[in-house]
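Protein chains in written order, with this note's numbering: chain A, 1 to 162; chain B, 163 to 484; chain C, 485 to 1284.
Because the hints were derived from the structure by calculation, they are not lab data.
These numbers come from a predicted model, not from an experiment.
Possibly wrong hints are sitting among the right ones.
Said to hold, decoys possible - FRET-style restraints, in silico, Cβ to Cβ:
#1 Arg343/B - Asp576/C: 47 to 57 Å
#2 His186/B - Ala582/C: 50 to 60 Å
#3 Arg1026/C - Arg156/A: 55 to 65 Å
#4 Gln155/A - Glu770/C: 33 to 43 Å
#5 Ala380/B - Arg154/A: 34 to 44 Å
#6 Ala151/A - Asn652/C: 50 to 60 Å
#7 Arg452/B - Arg658/C: 35 to 45 Å
#8 Ser1069/C - Gln83/A: 52 to 62 Å
#9 Gln155/A - Arg440/B: 25 to 35 Å
#10 His186/B - Arg571/C: 29 to 39 Å
#11 Ser990/C - Gln83/A: 21 to 31 Å
#12 Gln83/A - Asp576/C: 50 to 60 Å
#13 Asp503/C - Arg154/A: 35 to 45 Å
Yeah, the Cβ is synthetic: ideal placement off N, Cα and C, and Gly gets one too.
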Amino acid sequence: MMELSLTVNGRPFAVHVDPATTLVEVLRDELGLTGTKIGCDRGACSACTVWLDGEVVASCMTFALDARGKQITTIEGLAKDEQLHPVQQAFVDHDALQCGFCTPGMVMSCAHLVERNPACTLDDVRGAVSGHLCRCGAYPNIFKATLAAAAAMRQRKSGGGT
Amino acid sequence: MSTLQWIDAKSVDEAVALLSADAHGTIAKAGGMDLLDLIKEGIVAPTRIVNLQHIDALRGVQFAQATGLRLGALTTLAEIAGNSSIRERYPALAEAAAHAATPQIRNAATIGGNLLQRPRCWYFRNELFHAARQEVGREQAQYGAIFDNSKTTMVHASTPATALLAYGASVHVAGKSGKARAIALSDFLLPPDFNRPRDTALANDEVLTHVSLPAIGANTRAAYHKQTERDSYDWPICDVAVVLTLANGKVEAAKIVAGAVAPVPRRLTASEKALVGREIDESVAAEAARAAVRGATPTEKNSYKVPILETVIRRTILAAMA
Amino acid sequence: MSTTDQRDSRTVLTGIVGDSLQPIARNIPTDEPPELPPNAELRVIGKPVNRVDAIPKVTGKARYTYDVQLPGMLYGRIVSSTVPHARIKSIDTSAAEAYPGVKAVHILDRILSIAQLRDASAEANERYPLVRYNGQPIAAVAATSMRAAKAAAKLVRIEYERLPHVTNLEAAMRDDAPVVFPGPVEQAATAGGGGAPPGLPQKGNLRGPARGGLGGGGRGDVQQGFAQADHVLSREYRTQVQTHTPMETHGLVADWRDDELTLYASTQFTLSVRDEAAQLFQLPKEKVRVISEFTGGGFGAKFGIGNYGALAIHLSRKARAPVRVVLDRREEHASVGNRPSSLQRVKLGAKSDGTVTALQVESFGTGGVAAGAGVGFCHTAMYPFPNVSTEHYDVFIDAGPSAAFRAPGQVQGIFALEQVLDEMAHELGMDPLALREKIDTNDVDDARARKVERRIGAERAGWSRRRPPAADSGPVKRGIGVAQSQWAYIVHGTMTCEVRIRGDGSVIALTSAQDIGTGTRTVMAQTVAEELGLRAEDVDTRIGDSRYPAGPASGGSRVTSSITPAARNATYLAARDLAARVAPSLGAKPDEILFQDGRVFARGRPDRGMTFVEACKKASFDEIVQRADRREDYDGYRAKLGDLHISRHGIGGVQFAEVAVDTETGVVKVERIVAVHDCGRPINPKLIESQIYGGVIQGVSYALYEERHLDPGTGLQLNANIDQYKIVGSREVPKIEVHVIEQLGRQSSTDARGVAEPANVATAAAVANAFFNATGKRIRTLPMNPANVLAALRADGGRS
């Protein structure tokens, strides 16, 4: 077992883990942050997507020890002060989810995209979620929602909006 | 109970020393993608992990027009795909990196680990078949080799390797007492084998430090295509990298490599010969492609790969010229 | 609760809004609420209201079974067979039991979900259940961590006596094939459908023939029919095994206490979990409580407790602690359901003018160790062909059991039927739509819907631009195709909704039904809100608890058709109750009181009204509680199979597909789907569109990519993962255009019907027909992956 300090959603945590433990196992089983899901546990469905120093990673394929010293952002840390992230709000408005199980991961990837590239295109959105699986088939609305959120962010950044 | 130990190596020498001390139970880890997969599938059970992530000497992308490209072993696939020098000078490599795995995996997977990964053969990836220590189910190899497949139908899983081979890349490894060696990638990759701990020339006590690519001439054209069933995220039916050097509109030299069609990525010398000294058009490209698939020995389930490979070679040659 | 059998004849407008609505007389139970007008005149029903439980889903707060963490909870890990067919000689659990952290080990003494021997005595003396597929659960371990449970599970030693096995449909059909079951078997339906007709003959691995199905069996004389035909086509179609692959795998958390068993279940039917657990563990139903806050997809496979659930309960009882058993992805693929394969030999006879004279179908399908691999009811139910014969055989192999899967059987059947009709249209030189126009003439709602849908779809899809087959000269060839859908309109037999209006003006609606992603809470909230003049988000919907009034299964596309009438009926009663209390203060009679836009007022006097909350406070009551049932359809049903009540009317749908076929690589891309559908009265266009997207995308995935691969030597599923079991990803999603018609069938107080399954039925056939239009070649084998496509393109003509 090894002692491990992690910074999750801006807060420090210390846990004891076996070195083979993955980041998602720590988030879910040790920290109770069950918003991050495991769909395949092999990095092939991306339901476990979190941000590591602002980059999307598959937390099921990340050794927890590799997350030391990095800023970990999970779905629980995306909304600020109960204010939904524009991508979260757009997912609600455009019904970009059905069963909802892949949704936290999808939101993390789409939010990453629009923050990086508010001028993103449909192809960019398809690319951003190309490693995700939504078995319910919410994709068309995920595309619409993400593009709408990007438009909202552009407007906000340009100081526009009402 | 698990007794897995984790050590953060501070230097290449320390990592080599740790690997030398226990060549069987110790595994070096870079991005950890394949290692985690193999551990989860019960195919490897290391007692000690030597983490290479904190060794700065293994990082960095360096490009110089005169000497070429140097990729530290820890360079991620995302870094390769996004690096402007690589995109400009080694576009086939950038494309190959961009089409490997998922965005999430590309952010963590390293080029070193990518070259060292084990095959994705569905027999290899199941511990049930490791008890027998041999490949089984050859007739199910619809994604397997159509050349050189008398011993195994498993194919090497790295797709960046296809592009790296076309650029004449070498792999650099460090061993005991500071001993470093460079190995041509074509010699480094070995046919996948259940009975070996790895499918490369890397020794148990060596660390892959970097990959080097020779300088690229001004008249070089290159293209890469990974043919899949799906565009989102898929393993290849085949992938092809083409690197052409032109002189007066004619091909002076050609390197064409196909992956996922033989146990190791296959240099298509017959195609290369068909191009050298000629101006490329549809029919020349088609002729070169045809030459490549002569002598294919597909199984009943993977014979469909032969015409696909031929198509992809032809299209990729033309794409390089476009 | 309303129980009267009195009926009165009401004149109601029925038909398709925007097409034709006719007044007809219908006998309706006296206490049913007045008929709703078309959606255009409503405020909440029929509007694209946001999903009421979307926020917990986008913030990660939604708690799935997989997320349940209870104090002292243990983690269960299943030990599965590693051989395809064997007698278990011994099981040694001692090392597992001694492993640190292990609290309980349990060995299964019977296997659920698979076909059961008609004569159980044949294997009554076996010490352990026989192993009949690789991945069959045998035992399970509960430990304080998943890591410990996994390590301990590996220490369970099982000694097998191997028996000959067979994992391939055709091999299993041979006379000398190894036999999966030693005698005839039976398979009861689950609440989600499936199952097989009882008492059929069985020889070797072949069980059947089954004749008919929901369509009521064959009719006429096919030989005579073929004799009358000018053209007869004989074709063979093959479909593959598809696994459900819900994102949340099957799982159950069992908390066994002396006084009560609480089960947290990822399920499509809370009450099926309760009933099966009560039966298996011999508990009174009221001592079993099932909770399902959110279910991460099901698609037909999540009914009952399953072997994993039985193990969780056993372990919890033994360990005296809550135990969570959640399958990993490999176990999910291999052991908890799939859509059976099919081999369909179809013969179709028609006259030169398109009149179909006979249809004969002989089909074989394997659901592994489960029965019920039929190919649907479309052959007899969809078109009024005079002569029809269907014979179906289940073929057993040593592979995981099938389960109901989004329009079970019908997806396979329609793939063949709608393609052979396309082939006949081509043979006759007829437009495929004109052929459908000629033959789709049953006097039922689905046929009426499809007639309108063909017209709308043809226009939107640009059918008139359709070119002759193989019109493109380059290697990439494009084409367009059409196929029709049919699914049963199903109502759940036992359906009660409770509505509470509290003195503070808050409104609560309850049902035991769960949500698998279709929007159970939302459609219930909309229905209640409409009646009370509120917004959907004003209604607190409580679902997914077996203690609430009995709700439907999420299977058979029956949630909305079952819940909304009950919710409306209960709300109607509550609203009338409230109206009576409020009327005096408004100086009006109760039946003059209206609820609109959050206000309560007397008809014609909106200015003198008050808000809903004010009205409740003024009326000064603690709580108004009303329960009501979903009444039977006003015209009754064609069949009642337990709680599965099936209307004479079906649900239609027509889909148009545009594809691009790369004839050199064999890669097919579906570029566009126009999906025109009906679901009675559409309750929520936004959620319906989502359902149709999902159905189409799963249909494309089935058509092009998905296929289970078994190793012949071991019976192991080779691609039991997400990357090599290939499913549509973001870049394979076509442009999908959805159009939904509003059809008022006037069979219930909301006229709502389902759409989840209808949306999935026609897609593969539409894609196959578009493939023919693109290439001039037929593809009769799924999936349309490069290997199968290149083989089809090489084939001689369109006939092989």
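These are the hints, each one checked on the structure:
About 50 Å separates the C-beta atoms of Arg343/B and Asp576/C, a value consistent with the hinted range of 47 to 57 Å. The hinted range of 50 to 60 Å is not satisfied by His186/B and Ala582/C, whose Cβ atoms lie roughly 27 Å apart. Taking 55 to 65 Å as the suggested C-beta distance range, the pair Arg1026/C and Arg156/A does not conform, at roughly 37 Å. Look at Gln155/A against Glu770/C: about 56 Å separates their beta carbons, and that is not inside 33 to 43 Å.
At roughly 40 Å, the beta-carbon separation of Ala380/B and Arg154/A lies within the given 34 to 44 Å, and the hint holds. Range check, Ala151/A to Asn652/C: about 53 Å between beta-carbon atoms, so the 50 to 60 Å window is met. Between Arg452/B and Arg658/C the Cβ separation comes to about 41 Å, which falls inside the hinted range of 35 to 45 Å. For the hinted restraint 52 to 62 Å between Ser1069/C and Gln83/A, the CB-CB distance of approximately 41 Å leaves it violated.
A beta carbon spacing of about 55 Å between Gln155/A and Arg440/B contradicts the range 25 to 35 Å that was offered as a hint. Roughly 38 Å separates the CB atoms of His186/B and Arg571/C, a value that falls within the hinted 29 to 39 Å. For Ser990/C paired with Gln83/A, a C-beta distance near 25 Å keeps the hint of 21 to 31 Å intact. A hinted range of 50 to 60 Å holds for the C-beta pair Gln83/A and Asp576/C, which are about 57 Å apart.
Taking the beta carbon of each, Asp503/C and Arg154/A are about 42 Å apart, inside 35 to 45 Å as hinted.
Violated hints, in rising order: 2, 3, 4, 8, 9; the structure is consistent with all others.
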